Amino acid sequence: MTHEINRVKPDQVPGDVYVQFVRSLYDNVHMLLIGAFCHAVVSGMSYLKTGHGIFLWMALLLASVGVWRYFSMRRVVKDAVIRDYQSAKRCEREYIIQGSIQGLTLGSFCFIAIYLYPDPYAELSATAVTMGSMVTVAGRNYGSPRMVAIFSLTFVLPIAVGLLMRADPFNAVLGLLIIPFFFIISGTAKGVREVLFSAVIGHRRADQIAQRFDRALNTMSSGLIMLSPEGKVVVANAEAASLMGVRKPERLLGRTLRGLLMRGVAAGVLSLKDSRYAETQLTRALREGKDRKVLLRLTDSRYFEFSAREGYDELGVITFDEVTARIEAEERIRFMARYDSLTGLPNRAYFHEVVSEAVAAGSQDRKVALAVFDLDDFKSVNDTLGHPVGDGLIYAVAERLNRFAGDDVRVSRFGGDEFMIFFNDVQEPEAFPALLDEIFSSLNGDVDVAGHALRIQTSAGAVLAAARDADVDAMIVKADLALYKAKENGKNGWRLFEAAMDQAFRNRQVMKADLRHAVETRGLRVVYQPIVSMETMRIASCEALCRWDHPEIGPISPAVFIPLAEEIGIVSDISTFMLEAATLECSRWPEPISVSVNLSAKDFRNSSVIDKVREALEKSGLAPHRLEIEVTETALLDDKSQTGTYIEQLKALGVRIALDDFGTGYSSLSYLHTLPLDKVKIDRSFLIDVTRNQRSLELLKGVVNLSRPLGLAVTIEGVETFDQLKVLALEVKPDLVQGFLFGSALTASGIETMSTTTWPFASQINAVSASGR
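Just add 575 to wherever you are in the sequence shown, counting from 1, and you've got our numbering.
Among the clues, some could well be false.
What the hints assert, rightly or not - Ranges of calculated distance between the beta carbons of each label pair, as one might list FRET restraints:
no. : residue 1 : residue 2 : range
1   : GLY937    : LYS807    : 51 to 59 Å
2   : ALA935    : GLU805    : 50 to 58 Å
3   : LYS954    : ASN1019   : 15 to 23 Å
4   : ARG1081   : ALA935    : 24 to 32 Å
5   : ARG877    : GLN856    : 12 to 20 Å
6   : LYS954    : SER846    : 49 to 57 Å
7   : THR711    : GLN661    : 22 to 30 Å
8   : GLU1095   : LEU960    : 39 to 47 Å
9   : ILE908    : ALA1227   : 31 to 39 Å
Treat the hints as calculated values from the structure; they're not laboratory data. What you are looking at is a predicted structure, and each value in this text was computed from that prediction instead of being measured. For glycine and all other residues, C-beta sits at the position ideal for the given N, C-alpha and C.
Build the full structure now, drawing on both the sequences and the hints.
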């Protein structure tokens, strides 16, 4: 700021400062009368001493000019004429004119006394009073540089000229030496003017800074107080006054921190305990010079946060804000992080935390328990009625379970349609099954959700353990195993964990690892079940079947290891292996025989299935028409349009497509005319009582008769007896049959050997067909 002031030229002052400088010219106007009186008296005394009348006239003139200037300046002051820049300019001009006249009059008196009518007394008195007046020039006229210059000139020049005109060396030197007074007076006035100008500008800048500070202080969103070293408030802003319940910040000045806090205690919004705590913490922070924050909850549920820090000049600064909105937002976020948004129950993470703490606390000899509840067939509710109805069902279940919640019973929505209940103290372990029965019976039943009458049906698993042995993660795993066993037993029931379940689980995990290893090392093998032509009773095709011979357990059924493969996500790898092995073996068989490979629903979830089939055909060299891909209805249910697209692309490769297990799904008939199929394989369930039940026979004949007009070949699976074969030959007349009647599955070499063999009962079938019986 100082450097900025120094760069401003005093002669180029701002308008408002210039007005102040001109007003300073009119200060102490009575001093003009005193000066005029002194001038007149000196001139009169010179008259009395010399007798020259001119000194008397000069006395009258000096007195008249002084009185004239006095009344003129007094009028300006009295009427407050100097209001703005223009009026100040006019008044300065008038002041300079009058001052010039007075200066010329006094200078003339000096010239007369020194040169025209020289007299030692007159000369001394004139010079003395003039030089005395010059001293006042700098102090009274600094506001007008021109007036200073004119006064200095009119005072100094006549004296210097008079002395020089005496034409003697001594007076000439004296006349020359008096000239520097002109510059001295001008310089002194300039210095005074610069000092005052800097002071005025500095004061104005200080006022601006003070105003800005005051505005910033009183527009802060935080309350602020500053404490003196004695602990009393010396600065407070408007927000502090508002938060403290007073009208003006000035009413806080002089109070102590304790006094401010006790106002809250007296008003009943702050407890005495909290007041003392806040005072201790904030005072310690100010004393130690460390920043510290203190959060206080008032009795009206508002929250205030106080921050203390050491300021400058040993002043302490305390700011405080009402942070109720922030605390409430944090509480909402904390709630959202810990609780399920739909049911309001603890979520998985928070439940785990709470249960872990509960298990660790209390007696380690007590029994604790954990139960997991899972809604049966919940996915069908979402798929058929929509997720809002599904959410309503979840909420209804949560309400019923939450009735059992208490200090020692914690309920959680663990995720999806799964709920957990933790029992912190099972005092009678033998009565625990009865408690679960009670929960189970109260949970199951009908509920109305958005106008839909839904039946709640659940499965549950539970585990009971001593607190010292209870690991939360392990208990969850064991409860899940019990739940899995309950679902295996037909759902809508619950099971308590048993050690055998754990062993079964471990065996299952080992089997998964062994299966993965077998797939990676191509430890599986392929056998082929013959598909026999009804007309020739020879092998027309065969279905590739996967087999796994476990090195320790022995042969494992596909009904066991295929679901495991789907669970661990390697069923597509098995499909790839089957395609490669089957096409390679089929390429070595006689031309008429083809091979059929069943692909899983997961194979049809992306377009890579097309590449797998193409690569298998290219590697083996098998003609595409000798490969048949069997598609299950499960694959079509997942995504009918997408699966249909992939089937069309497979057809474009030249392979044939068969619909496997026809008649076991929900809408198999619709696929017959919407998909590019070549064959329909009728499920074995149609043959169970076909020899005894006419209705079953008519149903089977109807399906076959429905398929033929569409150009579809028909294979009937599950032919196990000669009587079934006779009925098929006489009444149904399918194109192909397969089943254990024609033997178990064969190796690739066995198929090649049997390729030209006709089954022994071919002649009997032909005779039956011919007789029509």
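Structure-based check of all given hints:
Against the hinted window of 51 to 59 Å, the Cβ-Cβ separation of GLY937 and LYS807 comes to about 53 Å, which satisfies the hint. The beta-carbon spacing between ALA935 and GLU805, approximately 51 Å, falls within the hinted interval of 50 to 58 Å. Take LYS954 and ASN1019: their Cβ atoms lie about 18 Å apart, and the range 15 to 23 Å holds. Distance hint check for ARG1081 and ALA935: the Cβ-Cβ separation is about 27 Å, which falls inside the suggested range of 24 to 32 Å.
A hinted range of 12 to 20 Å holds for the C-beta pair ARG877 and GLN856, which are about 19 Å apart. One distance hint, 49 to 57 Å for the beta-carbon pair LYS954 and SER846, holds here, with the actual separation near 54 Å. Distance hint check for THR711 and GLN661: the Cβ-Cβ separation is about 28 Å, which falls inside the suggested range of 22 to 30 Å. Checked against the given bound of 39 to 47 Å, the beta carbons of GLU1095 and LEU960, roughly 43 Å apart, stay inside it.
Roughly 55 Å separates the CB atoms of ILE908 and ALA1227, a value that falls outside the hinted 31 to 39 Å.
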